[in-house]
Amino acid sequence: QQQVKQSPQSLIVQKGGISIINCAYENTAFDYFPWYQQFPGKGPALLIAIRPDVSEKKEGRFTISFNKSAKQFSLHIMDSQPGDSATYFCAAKSGTASKLTFGTGTRLQVTL
Amino acid sequence: GAVVSQHPSRVICKSGTSVKIECRSLDFQATTMFWYRQFPKQSLMLMATSNEGSKATYEQGVEKDKFLINHASLTLSTLTVTSAHPEDSSFYICSARDQRALGQFFGPGTRLTVL
Chain A
69 QQQVKQSPQS
79 LIVQKGGISI
89 INCAYENTAF
99 DYFPWYQQFP
109 GKGPALLIAI
119 RPDVSEKKEG
129 RFTISFNKSA
139 KQFSLHIMDS
149 QPGDSATYFC
159 AAKSGTASKL
169 TFGTGTRLQV
179 TL
Chain B
11 GAVVSQHPSR
21 VICKSGTSVK
31 IECRSLDFQA
41 TTMFWYRQFP
51 KQSLMLMATS
61 NEGSKATYEQ
71 GVEKDKFLIN
81 HASLTLSTLT
91 VTSAHPEDSS
101 FYICSARDQR
111 ALGQFFGPGT
121 RLTVL
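Residue numbers (the numbering used here), protein chains in the order written: chain A, 69 to 180; chain B, 11 to 125.
Derived lysine-lysine pairs resembling DSSO-like cross-links, with alpha carbons at most 30 Å apart:
#, chain 1, residue 1, chain 2, residue 2
1, B, 76, A, 167
2, A, 110, B, 74
3, A, 167, B, 51
4, A, 139, B, 51
5, A, 125, A, 83
6, B, 51, A, 73
7, A, 167, B, 74
8, B, 24, A, 110
Part of the chain B face toward chain A, derived, beta carbon under 10 Å:
#, residue
9, 12
10, 14
11, 46
12, 51
13, 53
14, 55
15, 103
16, 104
17, 105
18, 114
19, 115
20, 116
Worth flagging that the hints you see were computed from the coordinates, not collected in a lab. Backbone N, C-alpha and C fix where the C-beta goes; we use that ideal spot for every residue, glycine too.
Please build the complete structure, drawing on both the sequences and the hints.
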């Protein structure tokens with residue numbers, strides 16, 4: 069119930085392409101879904117987050133798509149750049165709990 | 011805004027010694043802080059949740075006597091790894107929750123190496 073499943077484990081995208089990372093959850097009590105970006109040797113940084121009352125949120129090149137009925141959400145990185153190469157974690161939290169449940173992470177490599 | 015710092019960023023110690031890691035919220039008050047451990051190429055593993063002025067809540071399998079957590083103020087939490095052993099070598103990351111927002115903000119992490 070508390071798991072968040074993330075795929076793919078790794079992803080290679082050419083510069084300028086679209087990177088897509090998917091997450092699925094089971095706990096219907098989850099009501100906050102953030103994405104974090106982590107560079108090697110650094111802590112995760114909050115990238116973008118969504119609540120289930122909207123189906124999409126866009127911030128610059130980053131877009132979250134949310135499908136409440138399917139219990140899935142995804143991160144789209146448009147015009148991917150080599151500087152986007154990092155590990156991305158999805159997460160989820162319910163309003164009644166403070167702690168985040170993390171996905172297993174996706175290592176993104178953007179090639180020239 | 012929402013900056014979290016950790017100190018030290020790297021520490022190397024001998025087996026059997028204790029190591030203290032500090033986590034500070036620099037521009038907001040954090041009534042709740044979290045401590046995570048991360049092994050190479052793996053996700054973050056929550057170790058404990060720390061609430062200001064009260065005892066930390068540890069996740070299952072985490073030894074509370076091994077990993078001492080103190081959250082004495084609204085901007086500072088500390089993790090002490092007692093009698094460290096090589097298997098405690100890891101990347102330790104704290105995060106703080108801003109009461110005004112939903113997000114958790116992470117520190118830059120501390121790389122602990124126990125020889």
